[in-house]
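FYI, the numbering for the sequence shown is 510 to 636, going by the working numbering.
It is worth saying that the hints were derived from the structure and are not from the lab.
Derived pair list, reagent style DSS-like, types lysine-lysine, alpha-carbon separation capped at 25 Å:
1) K612 with K602
2) K590 with K602
3) K612 with K590
4) K612 with K595
5) K511 with K590
6) K571 with K561
7) K612 with K623
8) K623 with K602
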Amino acid sequence: MKRLPDSELELMLIIWDAGEAVSRNYIQERLEKSRDLAATTILSFLSRLENKGFLRVEKRGKNNYYYPLVSQADYVQSESKTMLEKFFGNSLKNFVVQLNDVKAVDERQIQELKEFLDKLSLEESEK
510 MKRLPDSELE
520 LMLIIWDAGE
530 AVSRNYIQER
540 LEKSRDLAAT
550 TILSFLSRLE
560 NKGFLRVEKR
570 GKNNYYYPLV
580 SQADYVQSES
590 KTMLEKFFGN
600 SLKNFVVQLN
610 DVKAVDERQI
620 QELKEFLDKL
630 SLEESEK
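Required output: the full structure, derived from the provided sequences and hints.
Set out below in structure tokens:
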């Protein structure tokens, strides 16, 4: 799966969050909270996303509606795997060490990770 540039990913996040087909106007309204993009720029991004196979477009009257063809979960899974492989030699430990080095995790998050790993280990041992 292709990695999306931040500008296209921003649109996809809005579409995924909507949970249904959305119009360009809907997207533009949500974007205005973070940044102001011209309608033509948004349409250009939507066209690229359609060409990449991320969206399907349906004409309803005078408006186009955009449906996601790729789920957010599938995209996140693909990106996570790629990032882990490229930057951390496919080592989860190296990833967590890096997060700790840049002080991106706090004690609460470390405890959550421990609990998750304990649960995962228990599930594996029960197989």
